[in-house]
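**Student:** Those sequence lines, one after another, are chains W and A. Everything in the first sequence is counted per my numbering, starting at 2 for the first residue and increasing by one. Everything in the second sequence is counted per my numbering, starting at 50 for the first residue and increasing by one.
Hints are not guaranteed to be accurate.
Computed from the model, here is a short list of chain A residues facing chain W with C-beta under 8 Å [unchecked claim]:
hint : residue
1    : THR102
2    : LEU158
3    : GLY348
4    : VAL352
5    : THR449
6    : GLN581
7    : ALA584
What the simulated footprint calls covered on chain A by chain W, stretch by stretch (three residues with Cβ under 8 Å from a Cβ of chain W suffice, anywhere in the stretch; the number is not a length) [to be verified]:
hint : stretch
8    : 297-307
9    : 372-378
10   : 400-408
No lab work stands behind these hints: they were computed from the structure. Because the structure is a prediction, the values reported are computed rather than measured. The C-beta atom is built at its ideal place from N, Cα and C for all residues, glycine as well.
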Amino acid sequence: MDMSIALILGQDGITNGAIYALLALALVLVFAVTRVIFIQQGEFVAYGALTLAMMQSGATPATVWLLVAMGGLVTAFDGLKALKAGQMQRAGMVAGWNLAYPLALVAVLSALPVNELPLVLQVVLTLAIVVPMGPMMYRLMYQPIASAPVLILLIVSVALHIAMVGLGLLFFGAEGHRTPAFSELSFDLGPLMVTGQTIWVLVVSVLLIVALYQFFERTLYGKALRATAINRVGAQLMGISPALAGKLTFFLAAFIGALSGVLIAPITTIYYDTGFLIGLKGFVAAIIGGLASYPIAALGAIAVGLLEAFASFWASAYKEVIVFTLIIPVLLWRSLTSHHVEEEE
Amino acid sequence: MRTDRLVLGAFLALLLMVPAILSPYYVTLLNYIGLYAMVALGLVLLTGVGGLTSFGQAAFVGLGAYTTAALTTATDLPAWLAWVGASPWFTLVAGLLITAAVAVLLGSLTLKLSGHFLPLGTIAWGISLYFLFGTMQSLGGHTGITGIPPIELFGWTLDGGGEIFYLIWAFLLLGMLTTHNLLDSREGRAIRALKGGRVMAEAMGVDTGRARMIIFVIAALLACASGWLYAHMQRFVNPTPFGVHIGIEYLFMAVVGGAGYVWGAIVGAGVITVLKQWLQDWLPSLLGASGNFEMIVFGILMVLVLHRAREGLWPILKKLVPMRTIHKTIDAQAEPLPRRTLPAPGTLILEAKDVTRRFGGLVANNNMSLEVKAGEILALIGPNGAGKSTMFNQISGVDTPTSGEVLFLGKPVAGRDSREIARMGMSRTFQHVKLLPTMSVLENVAIGAHLRSHKGVLSSAWRLDRAEEARILKEAAHQIERVGLKDHMFDEAGSLALGQQRILEIARALCADPCLLLLDEPAAGLRYKEKQALAELLKRLRSEGMATLIVEHDMDFVMNLVDRVVVMEFGQKIAEGLPEEVQQNPAVLEAYLGGVE
Chain W
2 MDMSIALILG QDGITNGAIY ALLALALVLV FAVTRVIFIQ QGEFVAYGAL
52 TLAMMQSGAT PATVWLLVAM GGLVTAFDGL KALKAGQMQR AGMVAGWNLA
102 YPLALVAVLS ALPVNELPLV LQVVLTLAIV VPMGPMMYRL MYQPIASAPV
152 LILLIVSVAL HIAMVGLGLL FFGAEGHRTP AFSELSFDLG PLMVTGQTIW
202 VLVVSVLLIV ALYQFFERTL YGKALRATAI NRVGAQLMGI SPALAGKLTF
252 FLAAFIGALS GVLIAPITTI YYDTGFLIGL KGFVAAIIGG LASYPIAALG
302 AIAVGLLEAF ASFWASAYKE VIVFTLIIPV LLWRSLTSHH VEEEE
Chain A
50 MRTDRLVLGA FLALLLMVPA ILSPYYVTLL NYIGLYAMVA LGLVLLTGVG
100 GLTSFGQAAF VGLGAYTTAA LTTATDLPAW LAWVGASPWF TLVAGLLITA
150 AVAVLLGSLT LKLSGHFLPL GTIAWGISLY FLFGTMQSLG GHTGITGIPP
200 IELFGWTLDG GGEIFYLIWA FLLLGMLTTH NLLDSREGRA IRALKGGRVM
250 AEAMGVDTGR ARMIIFVIAA LLACASGWLY AHMQRFVNPT PFGVHIGIEY
300 LFMAVVGGAG YVWGAIVGAG VITVLKQWLQ DWLPSLLGAS GNFEMIVFGI
350 LMVLVLHRAR EGLWPILKKL VPMRTIHKTI DAQAEPLPRR TLPAPGTLIL
400 EAKDVTRRFG GLVANNNMSL EVKAGEILAL IGPNGAGKST MFNQISGVDT
450 PTSGEVLFLG KPVAGRDSRE IARMGMSRTF QHVKLLPTMS VLENVAIGAH
500 LRSHKGVLSS AWRLDRAEEA RILKEAAHQI ERVGLKDHMF DEAGSLALGQ
550 QRILEIARAL CADPCLLLLD EPAAGLRYKE KQALAELLKR LRSEGMATLI
600 VEHDMDFVMN LVDRVVVMEF GQKIAEGLPE EVQQNPAVLE AYLGGVE
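Pulled out of the complex, with its shape left as it was, chain W reads as follows:
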């Protein structure tokens, strides 16, 4: 290997690593606030990428029907409950966000020539379809059993992952898709050719991380989520609704997932089931951070990206084996540094 190949691999590794870092941050956040291990993060990545691809091919993305169905269920549960309690305004709010909004999206998608829209509008529409599924999913699947043990929540996540992969196959078919790059720009930096998409990924990742940091440090809702992560009961006693915290967290996680998908789609061909492996690499990074530390998780993600890039050069057949076996020394190290017998939640 010479210097130029090392640089190219390094660039690949850091680009993918930035995506894994975003996913790892979302995973740590979801686990800290809701104790849910968000296995289906990867499906949000795939749904984001493939919804965009479907739009560009001129079809109405099938994911919007899933949004309508989920929204309908939420309206049926929460709207009727509010109606029975005589809270008309609340019922209206529920129906507005969960029923009227998805239907309005359907109308917009069928009225506009979506494949001729500028890329940025397509991306916005993609996020508008995929991201609200996050909070709806929390409401339907997790909220009824929010106090269940971590293990039960994990099994629910795995079940949803399985269902979402199946739906992905139904929506997008078995073929992979790659979307056009955000910018065709490329320039030479010494011996290295830097592409526009790499710059996009890195800039968006850094901006998003800074924005998240500001959100958690400066805003009331961000602080509410941090409080919930530190002490669930205490936060609840201070008036922070666990259901709201859960939905907000899932909103953020779905946003990060879908955006990562949109960012990575021009770099890698995405199939309906690609998300799982991408999400799991985020997990390896999150586990490096012990599912608790954001900075270590982000650094771990870069390490995973680099390891993957170099492994694909030296032993491409064993690329996945090498990346997932990385988890073993990490677990070993964590295991050696913990001596405590504790009750599982």
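With the hints as your guide, set chain A onto chain W.
**Tutor:** This is chain A only, laid out in the frame that chain W set:
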């Protein structure tokens, strides 16, 4: 005739007849159900009973299948290994050994960490192993290995679905019997304590890390055996059935069937396998596309099961056949468990010397000293926040003093884990009751005798432990009678009133045959008569030479019972002496009643 035996007998008779009366299609289906149920059985033990889980069981199945496939078809094995490939029975042993080694390795990496690292680790290594099967050319890559010989048993070649059927179900039933026996034993109680009772179990001397490892390895071995059978039934292997998604399907089987129940494994494997067949025929034509769409239904079904019937289908099915619950019998003839010789009355048992414990700037205990002698009851009292619980934690080894030391029988307590301290003869109850609510009072108390008995997993699994088990149960029953819970012996521990649960904890502590009893607020929640009975019991123990340390708020109870009192306030000892002296002590009066201005 007991109903349960009747139902079981009918089930076995039906199984025997299956190959004769059902068409080959259904025999094959039942073969698969048997193979899957074996893996699900491991998950019952791991997830339902032990509170751990693994998505990597399919990889263990793969280890079993690939070991036998590679060894029985290889033509160029080195001489020292060639004999293993001669018979599938040798390769079964080889597969089990390899699987056990891998499971021990993975277990030692992940089992010490909190529960969710294990499933995440298993997903990762399940994927690794799947890709490894697919990429290693010596294992045939993605096309796999063909030409695996059938199993032979006493000259009978099991090369048809109807023949291997008996072997598969014999393996499964053997696995179920073993698991059932294991759970109903000394080791089994330790395993059942893993879910929600680890701290308590450790305090009773159970090595919970070892218990976790045991169930992880057993689950892996069951999966490996299933893989071995699978390889010799199919006569070829490829990586597809060992991927992580199949591992997830195994977990679905266990959860849908009823993860806490041995029979749940068969129910779950049956339901999921039949449903899968049916959906695979039906869904693609309905949706007009081909693919594994049954996964959508499984995913949603799984969430519904966890929302609506978290215990799975087995408990619902069980209600259909009314059965009398059968209590354990206590064998009055059983030999008593060996007892330790208690130190002579007056011997110094426990000594705390200048114990100081700081939490940052807060001094919770400051230069606390106390001693307890054999045949004496010492009370540690003080207003709320005086540092009693902190002191209790230093003595019981849960926490380590910043300076000073605690000596139990002349040996320092600090730095030892709860198990060692229990072994030395200190036994405790908890301020917040810690018991296993769905287990009977008898079984809860029997956990206390863990260190007084020795039969291991293998003897438990094959019922070689019955003599010792009878002795344990007799001892537990004796302690239950002694504390006055005889009428509740077979009730679920969680159904008792809080006061009675505290008494149960005392019985459990006594079952360990200690020489020092630490009781944390034993009288809280008791009625007057119950308090009197408890006081009588403690007096009787004192006359037998037991040393007792009580932390308690109920002054009437304390003052009429104990020999000496130590009073704490703001982390310090403010008085010590006979109950009458302490009650007159101006510092104590001020601490409890406030000073006179």
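**Student:** Run every hint past the structure and note whether it holds.
**Tutor:** Here's how the hints hold up against the structure:
no.: 1; hint: THR102; verdict: holds (6 Å)
no.: 2; hint: LEU158; verdict: holds (5 Å)
no.: 3; hint: GLY348; verdict: holds (3 Å)
no.: 4; hint: VAL352; verdict: holds (5 Å)
no.: 5; hint: THR449; verdict: violated (12 Å)
no.: 6; hint: GLN581; verdict: violated (34 Å)
no.: 7; hint: ALA584; verdict: violated (32 Å)
no.: 8; hint: 297-307; verdict: holds (count 4)
no.: 9; hint: 372-378; verdict: violated (count 0)
no.: 10; hint: 400-408; verdict: violated (count 0)
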